[in-house]
Amino acid sequence: MSAFSIDKWEKLFHNIGPFFHGFGVTLYIVLFALLLSLVLGVVFGVMSAGYNKVLRGISRVYVEFFQNTPLLVQIFFLYNALPYMNINLSAVTIGILGVGVYHGAYMSEVVRTGIESVPKGQEEAAISQGFTYTQIMKNIVLPQALKNMLPPLTNIAANLIKNTSILAVIAGGDLMYQADSFASTTLAYGPAYVVVGIMYFIICFPLSRLSGYLEEKFGEKPNPKDYSELLASYKIGEEESK
Amino acid sequence: MNEFIAAFESVFTKSNLIYMFRGLGITLYVALISVLLSMVFGTILALFRSYGNKVLKGFSIAYIELFRNTPNLLWVLAIRFMIRMPKPFDAPMYSGILSFTLFTSAVMAEIVRGGLNSVPKGQFEAAYSQGFNFPRAVVHIILPQCFRSIVPSMLSQVITVIKDTSFLAQVAIEEFFNNSKWVMSAQIDSTINQTMRVFIIFGFVAVIYFIINFALSSVVRSRKKKQAA
Numbered sequence: 003m004s005a006f007s008i009d010k011w012e013k014l015f016h017n018i019g020p021f022f023h024g025f026g027v028t029l030y031i032v033l034f035a036l037l038l039s040l041v042l043g044v045v046f047g048v049m050s051a052g053y054n055k056v057l058r059g060i061s062r063v064y065v066e067f068f069q070n071t072p073l074l075v076q077i078f079f080l081y082n083a084l085p086y087m088n089i090n091l092s093a094v095t096i097g098i099l100g101v102g103v104y105h106g107a108y109m110s111e112v113v114r115t116g117i118e119s120v121p122k123g124q125e126e127a128a129i130s131q132g133f134t135y136t137q138i139m140k141n142i143v144l145p146q147a148l149k150n151m152l153p154p155l156t157n158i159a160a161n162l163i164k165n166t167s168i169l170a171v172i173a174g175g176d177l178m179y180q181a182d183s184f185a186s187t188t189l190a191y192g193p194a195y196v197v198v199g200i201m202y203f204i205i206c207f208p209l210s211r212l213s214g215y216l217e218e219k220f221g222e223k224p225n226p227k228d229y230s231e232l233l234a235s236y237k238i239g240e241e242e243s244k
Numbered sequence: 191m192n193e194f195i196a197a198f199e200s201v202f203t204k205s206n207l208i209y210m211f212r213g214l215g216i217t218l219y220v221a222l223i224s225v226l227l228s229m230v231f232g233t234i235l236a237l238f239r240s241y242g243n244k245v246l247k248g249f250s251i252a253y254i255e256l257f258r259n260t261p262n263l264l265w266v267l268a269i270r271f272m273i274r275m276p277k278p279f280d281a282p283m284y285s286g287i288l289s290f291t292l293f294t295s296a297v298m299a300e301i302v303r304g305g306l307n308s309v310p311k312g313q314f315e316a317a318y319s320q321g322f323n324f325p326r327a328v329v330h331i332i333l334p335q336c337f338r339s340i341v342p343s344m345l346s347q348v349i350t351v352i353k354d355t356s357f358l359a360q361v362a363i364e365e366f367f368n369n370s371k372w373v374m375s376a377q378i379d380s381t382i383n384q385t386m387r388v389f390i391i392f393g394f395v396a397v398i399y400f401i402i403n404f405a406l407s408s409v410v411r412s413r414k415k416k417q418a419a
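So the protein lines, in turn, are chains A and B.
Be aware that the first sequence starts at 3, since it is given in this note's numbering, and climbs by one per residue.
Be aware that the second sequence starts at 191, since it is given in this note's numbering, and climbs by one per residue.
Calculated from the structure, these hints are not laboratory results.
For glycine and all other residues, C-beta sits at the position ideal for the given N, C-alpha and C.
Take the hints with a grain of salt, since some may be wrong.
Simulated restraints on C-beta separations [what the hints assert, rightly or not]:
1. 173(A) <-> 381(B): 51 to 57 Å
2. 89(A) <-> 417(B): 52 to 58 Å
3. 29(A) <-> 308(B): 17 to 23 Å
4. 384(B) <-> 17(A): 49 to 55 Å
5. 275(B) <-> 135(A): 54 to 60 Å
6. 66(A) <-> 339(B): 22 to 28 Å
7. 8(A) <-> 275(B): 23 to 29 Å
8. 338(B) <-> 127(A): 53 to 59 Å
9. 325(B) <-> 121(A): 49 to 55 Å
10. 416(B) <-> 127(A): 49 to 55 Å
11. 321(B) <-> 66(A): 30 to 36 Å
12. 321(B) <-> 8(A): 55 to 61 Å
13. 247(B) <-> 6(A): 41 to 47 Å
14. 308(B) <-> 121(A): 40 to 46 Å
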């Protein structure tokens, strides 16, 4: 296990500063990218669940394009191609923009399916009471859709955190980049990767626990102790559920 | 316009195209093998987690949580730089396959677990009543129903793997994006507009990935619709 020898660990602990700095940069990027992706997700999600064909089309194109091309290619485009048009973004801006817009597409799909899961009657009832479309979305549909949306949204948030590691490839100054540059200068790959692994785990684990908890709370998992589930699986007592 | 045609022709020479499409072949090969392997390992992990004894269940949970909460790129780098692959698999591509298999297995395990949860408990009881033992009930009754319900999620994961194989460009594995970047940075004579070249290549890369993944995601959508109906 020379990859994890004592002197390599010593090197690491003498140079632990950049790791914490990278940790901070990653958190900073995550925070703003998450906000951006939530805003984009709600806007495009509501658009694609709406009635306007043009808006629906725009939202479809946005979702399909960003979901079907690699994030790495998008990031490299911002980093390598835009300077040719005299647009120079800092690596952190590229991170927030690239990661935010990419995950916004995923959020948008979650918001759309969430809205579609709310029974149509809710919207019709609200229309009959004179609500406008925006009011219906804000006050009636989205709050009800929220419980279906939360578990997948936290999942996407965890993916977003992991995907900020891509910024390492454009010298983004984030956690992964610090580990990579430390490892390639000192050759202490083992300790470097273990430490960043732990750091990412610290950020992601609470979120994935939260997503599991929300799924259990709101999801439709059959509970083996629930007698009615068992009856339902034998099609007994079906009249009552109608 | 002439500038554009000159740039276009400098990108899509025969040798460049061969080089890029050979990369695409490696991309698809890595994705396919990784997905197939991780479907097998993922199913085993999910069975451990759902029906295993304490040790197997603990192992499976630890494995899944470890890989689900750390970035894929970390594993790509760590395995490429730290693990020497044994002889028949010492081509760089195989370290990519290993890292993607390890990572994707955890995701597949969660997908399969969701599928197992969706199979009603009565199916087990019915199978037992017909004299099936546990392994046979799982193989013949539970898993087929489970897989049918998770085809869309699995295909979505295939899309993710195809996109993420672009990470391998970072560790000099000759996949599609890596080779395209090489074409981009190749020396060309100064009469050709480099800006156009870069945009053409990025456009080409995006279009190729898009065609493959859009085709897959269309399948996902139609399967989902069929299941909902």
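Checked hints:
1. The supplied range of 51 to 57 Å is broken by residue 173(A) and residue 381(B), whose beta-carbon atoms lie about 32 Å from each other.
2. At about 44 Å, the beta-carbon gap between residue 89(A) and residue 417(B) misses the expected band of 52 to 58 Å.
3. Take residue 29(A) and residue 308(B): their Cβ atoms lie about 36 Å apart, and the range 17 to 23 Å is violated.
4. Between residue 384(B) and residue 17(A) the CB atoms are about 38 Å apart, so this pair departs from the stated range of 49 to 55 Å.
5. The given range of 54 to 60 Å is respected by residue 275(B) and residue 135(A), whose C-beta atoms sit roughly 58 Å from each other.
6. Our hint of 22 to 28 Å for residue 66(A) and residue 339(B) holds, since their Cβ atoms are close to 25 Å apart.
7. Residue 8(A) and residue 275(B) have their C-beta atoms about 27 Å apart, which keeps the hinted 23 to 29 Å range intact.
8. Checked against the given bound of 53 to 59 Å, the beta carbons of residue 338(B) and residue 127(A), roughly 36 Å apart, lie outside it.
9. Checking the proposed 49 to 55 Å range against residue 325(B) and residue 121(A) shows it is violated: the Cβ atoms sit about 42 Å from each other.
10. For the hinted restraint 49 to 55 Å between residue 416(B) and residue 127(A), the CB-CB distance of approximately 31 Å leaves it violated.
11. Checking the proposed 30 to 36 Å range against residue 321(B) and residue 66(A) shows it is violated: the Cβ atoms sit about 50 Å from each other.
12. Distance hint check: the CB atoms of residue 321(B) and residue 8(A) are about 60 Å apart, consistent with the given range 55 to 61 Å.
13. Between residue 247(B) and residue 6(A) the Cβ separation comes to about 28 Å, which falls outside the hinted range of 41 to 47 Å.
14. Checked against the hint of 40 to 46 Å, the C-beta distance between residue 308(B) and residue 121(A) comes to roughly 22 Å, which is inconsistent with it.
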